[in-house]
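Residue numbers (this note's numbering), protein chains in the order written: chain A, 1 to 112; chain B, 1001 to 1112.
Everything labelled a hint here was simulated from the structure, so no lab data went into it. Remember, it's a predicted structure, so these values are computed and weren't measured experimentally. No residue lacks a Cβ here, since even glycine has one placed at the ideal position from N, Cα and C. Possibly wrong hints are sitting among the right ones.
[Unchecked claim] Computed list of lysine-lysine pairs in DSSO-like fashion (alpha-carbon distance at most 27 Å, straight line): (1) A:K99 <-> B:K1017; (2) B:K1044 <-> A:K42; (3) B:K1017 <-> A:K56; (4) A:K99 <-> A:K42.
[Said to hold, decoys possible] Output of the computed footprint for chain A on chain B, the stretches with three or more beta carbons under 8 Å from beta carbons of chain A: (5) 1023-1031; (6) 1060-1073; (7) 1104-1111.
Chain by chain, the residues run as shown.
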Amino acid sequence: QKEVEQNSGPLSVPEGAIASLNCTYSDRVSQSFFWYRQYSGKSPELIMSIYSNGDKEDGRFTAQLNKASQYVSLLIRDSQPSDSATYLCAVNLRDSSYKLIFGSGTRLLVRP
Amino acid sequence: DAMVIQNPRYQVTQFGKPVTLSCSQTLNHNVMYWYQQKSSQAPKLLFHYYDKDFNNEADTPDNFQSRRPNTSFCFLDIRSPGLGDAAMYLCATSTGLYNEQFFGPGTRLTVL
Chain A
1 QKEVEQNSGP LSVPEGAIAS LNCTYSDRVS QSFFWYRQYS GKSPELIMSI
51 YSNGDKEDGR FTAQLNKASQ YVSLLIRDSQ PSDSATYLCA VNLRDSSYKL
101 IFGSGTRLLV RP
Chain B
1001 DAMVIQNPRY QVTQFGKPVT LSCSQTLNHN VMYWYQQKSS QAPKLLFHYY
1051 DKDFNNEADT PDNFQSRRPN TSFCFLDIRS PGLGDAAMYL CATSTGLYNE
1101 QFFGPGTRLT VL
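Pulled out of the complex, with its shape left as it was, chain B reads as follows (with noise of 0.2 Å):
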């Protein structure tokens, strides 16, 4: 079935550890997207990718990173993560930019 996977499901690191999650996709979509998700609270996007074309939103802290080497996949590279990204993060694809969005599992993220 085609499918959006991420790697690891849960991640502990230390405090400034740097950690790298992955995301890859056998739908062959062409945006893919990186979302932060902290409890009781939507889904906020970090960045997205639309082919090799990078966009940034503007709050998104300078600490995260990413990138897609291959349609296939993206990664999201967390350079001194604090005890404030912990949180659940959100691999999303869409075949273009106004269409459905659809979710990988998402990756637990703990930072002692």
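In isolation and in its complexed conformation, chain A is listed as follows (with noise of 0.2 Å):
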């Protein structure tokens, strides 16, 4: 099992819809996790962290938690056609590795 799991997509929404983007992970002791957007040919750009069960909001976005289950997500309302990207979703792994892991990304395409 990858250590970090995501669709790669495309997840396609029309404009306005909820996306929802998954990720899972195998490590239990991992407390940190982060979700990244990446413009193609542009880098990675950190728009959510979140450390503790339950959901984290901040403007459209809201990432989801729960450590039991091994899964973590990123939900988008009001989606925008500027949304389109790929979501990469990563991991802290807390144990001597002190890696952050990423997921190969899942792409969004927001449909005018």
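Both chains come to you apart, so use the hints to assemble them.
Okay, here's the thing in structure tokens:
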């Protein structure tokens, strides 16, 4: 099993809809979880971080963490065409390796 | 604004000709990272510095070296670039190993 798994997509949603992006991870000890947005040809941009179970909201973005199920998700409300990008889930492995492990990303397409 | 800067943004080199990529930060972060990202793949960690302590990933080729002469600057040296080294090279910084990482704009390396 990969350490951080995401559906590669593309996930296609109409403008104004809710986009739901999912990520599972393998390490029960992980404590830090991040979502990055990456436009084609650009570098990753941090959009959300979450550390405890439950929901964290920031504007149109909501991150949801369920450590028991080893699952983290990102909801984007009122999706806009400018949200079209690849969304990378990243998890810090809280063991001696310290690394931020990235999923391979989910490509989101928001149709006007 | 505090930021992570990478130069150059685009670098073209010839097969086997050494190249140096640079990264600077005004965030005063302790940790600096170098990642390699190829098309449609997750960023791959090459190495990181925690202050002056250097940490090399086990699978980072010997062809890749790094220097951090001071807190603000970090360099990636590729001694003999091969065609397979063509990629986006990303520099990131964080305050600590388990904290959010902030990426620079990246350097796109082309090897002819």
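Those earlier numbered hints the structure runs against, lowest number first: The structure conflicts with hints 1, 3, 5, 6, although it agrees with all the remaining ones.
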